[in-house]
Amino acid sequence: MIRFENVSKRYPGGFEALSALNFHLPRGQMAFLTGHSGAGKSTLLKLITLIERADQGQIFIDGQNLARVRRRGTPFLRRRIGMIFQNHRLLFDRTVFDNVALPLVISGYSTDEIGRRVRAALDKVGLLGKERVYPITLSGGEQQRVGIARAVVNKPMLLLADEPTGNLDPDLSREIMRLFAQFNQVGVTVLIASHNLDLITHMHYPILRLDHGRLTETGGIPSA
Amino acid sequence: MRRNRRQRAPAPAPVGPGATRRTRPGARQWLRTQARLHAQVLLASLGRLYRTPFSSLMTVAVIAIALALPSGLLVLLDNLQRLNAGWEGTTSISLFLQQSVSDARADRLADELRDWPRIDTVRVLHRDQALAEFRELSGFGEALDALNENPLPSVLIVQPAAAPTQPDQPIAALVDELGRLPDVELAQLDLQWLQRFSAMMDIGRRGVLVVGALLGLAVLLIVGNTIRLDIHNRREEIEVCKLIGGTDAFIRRPFLYGGLWYGLLGALLAWLLVAVGLWLLDAPVRRLAGLYDSSFLLGGPALGGVGLLLAAGVILGLTGSWLAVGRHLRAIEPT
Chain A
1 MIRFENVSKR
11 YPGGFEALSA
21 LNFHLPRGQM
31 AFLTGHSGAG
41 KSTLLKLITL
51 IERADQGQIF
61 IDGQNLARVR
71 RRGTPFLRRR
81 IGMIFQNHRL
91 LFDRTVFDNV
101 ALPLVISGYS
111 TDEIGRRVRA
121 ALDKVGLLGK
131 ERVYPITLSG
141 GEQQRVGIAR
151 AVVNKPMLLL
161 ADEPTGNLDP
171 DLSREIMRLF
181 AQFNQVGVTV
191 LIASHNLDLI
201 THMHYPILRL
211 DHGRLTETGG
221 IPSA
Chain B
1001 MRRNRRQRAP
1011 APAPVGPGAT
1021 RRTRPGARQW
1031 LRTQARLHAQ
1041 VLLASLGRLY
1051 RTPFSSLMTV
1061 AVIAIALALP
1071 SGLLVLLDNL
1081 QRLNAGWEGT
1091 TSISLFLQQS
1101 VSDARADRLA
1111 DELRDWPRID
1121 TVRVLHRDQA
1131 LAEFRELSGF
1141 GEALDALNEN
1151 PLPSVLIVQP
1161 AAAPTQPDQP
1171 IAALVDELGR
1181 LPDVELAQLD
1191 LQWLQRFSAM
1201 MDIGRRGVLV
1211 VGALLGLAVL
1221 LIVGNTIRLD
1231 IHNRREEIEV
1241 CKLIGGTDAF
1251 IRRPFLYGGL
1261 WYGLLGALLA
1271 WLLVAVGLWL
1281 LDAPVRRLAG
1291 LYDSSFLLGG
1301 PALGGVGLLL
1311 AAGVILGLTG
1321 SWLAVGRHLR
1331 AIEPT
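For the protein sequence lines, the chains are A and B, in the order given. For the first sequence, my numbering assigns the number 1 to the initial residue and increments by one for each residue that follows. For the second sequence, my numbering assigns the number 1001 to the initial residue and increments by one for each residue that follows.
In short, the hints are calculated from the structure, not lab data. A couple of the hints might just be wrong.
Reference excerpt, derived from the structure (chain B facing chain A, CB under 10 angstroms, subset only) [to be verified]:
no. : residue
1   : Trp1030
2   : Gln1034
3   : Gln1040
4   : Asp1120
5   : Glu1239
6   : Val1240
7   : Cys1241
8   : Lys1242
9   : Gly1245
10  : Thr1247
11  : Glu1333
12  : Pro1334
13  : Thr1335
Think of the CB as a built atom: it goes at the ideal place given N, C-alpha and C, for glycine as much as any other residue.
Produce the entire structure from the sequences given, and follow the hints as far as they go.
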């Protein structure tokens, strides 16, 4: 599902964020991505979602070479990927329902279909009763679950999460991770960047470890 | 060529049951979906203006004033034009007859001309009367006494029919025809001041055009700047939309419709301003017209004019927001 072939990323100014990455995350696999701050976790996720582009090497997502995806094609790639952020990136002037509905609105679903899918997604994250509420009134854990609902409402093939539990206490963090595991069980490929080692080493999923932009441990994930 | 390739480039292969179904919709359903999406965004952007009533109203008011000024001037010019046309009907033609034409012949000619459908009335000024009038008005009485005979010809003052029975035949044609009559030395229409007036009208029209163009540009800039601020304020929303797969067209749409609303509402308010201005002028104009024994009434903008005003508002609004969106939306990329 995610294949990196000799991928390097250098930022303007010469800082090499990632150097010569090789790995292949198979379809339906769940894995963690860890490493110290600045090791390149976020950059790796940004390359997958075309927020940044690689300087060297090739990245394939679901068999599609990202170097071939032009600006106009980027939105359609991103629609197939669910993204979850540490700070949720919810829109606070809209209700929970409208936040979760946004990817479906973008894809042009009918109102009925949107209602059905949004309620299903909110049900999965346990927030069915909070449709009409504004995100500002929710707790941090609840806000993150709204973010997850928004990421999965479009039934993406791939879920990416960047420090999804960064602001949450251990209990809430475990709950969020269990949620990801549930999505993985129904076939979604999941890649979670986290530096919370305590949490992720207990979950028995492969761990990719980055150190200064190099992959030092793959936890059984084959190299490409 | 290159553009074509770019458009074919994305070739998205959507996944998920919903997406797969959407790749094979009938053209009709696609159109219906698009229409629904556009209608939703159209209403949503109006709602957004409504949620910030004060600043929206300020922008709309500025646009309205900028549009009302040239529109109001054009309406006034149209009214002047109508007044001018009215005068053209009341203009008389002076027929200076040959010196040899006797008073009796002059009377007969006047009778003949009265039968012409294009002529309303004919007044005869015999040679003696003409001399008396000239003596009285010119102050050359003594000089005239020195002459042996009356140097002035008889004059027929012809009033053309007010109703243009043949609108394609202007008054000038009538003058021409009268001038060719055998007894007539010279047919003269007092056109000069009408022509001057018409020339002044042309200057006025050109001036309004220049002012209108400048104010149109101002509307463009106002809308552009408002939309630019709007884009700035909604930066987070734009980034999130881009992150979850919103196309440029999708992200652009609410801003374009916002500009459209600004333009349309501004034009509607401009229409109102012009109407109020005309209403304020109506009573004094009536009084003035009464003093001239005229039934002239101030006319409002024609239906076509109102349509033009609204269209101008919409086009300026859309263009202004398009310029802002084109410049600023691309610069916002998620990080």
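Hints, verified against the model:
1. Trp1030: Result: holds, 9 angstroms to nearest chain A Cβ.
2. Gln1034: With Cβ-Cβ at 8 angstroms, under 10 angstroms, it holds.
3. Gln1040: holds (8 angstroms)
4. Asp1120: Violated, because the Cβ-Cβ distance from Asp1120(B) to chain A comes to roughly 70 angstroms (cut-off 10 angstroms).
5. Glu1239: holds (8 angstroms)
6. Val1240: holds (5 angstroms)
7. Cys1241: Nearest chain A Cβ about 7 angstroms off; hint holds.
8. Lys1242: For Lys1242(B), the interface hint holds, since the closest Cβ of chain A sits about 7 angstroms away, which is under 10 angstroms.
9. Gly1245: holds (3 angstroms)
10. Thr1247: holds (5 angstroms)
11. Glu1333: Constraint on Glu1333(B) satisfied, holds at 7 angstroms.
12. Pro1334: holds (6 angstroms)
13. Thr1335: The hint holds - Thr1335(B) has a Cβ within 10 angstroms of chain A, the shortest such distance being about 7 angstroms.
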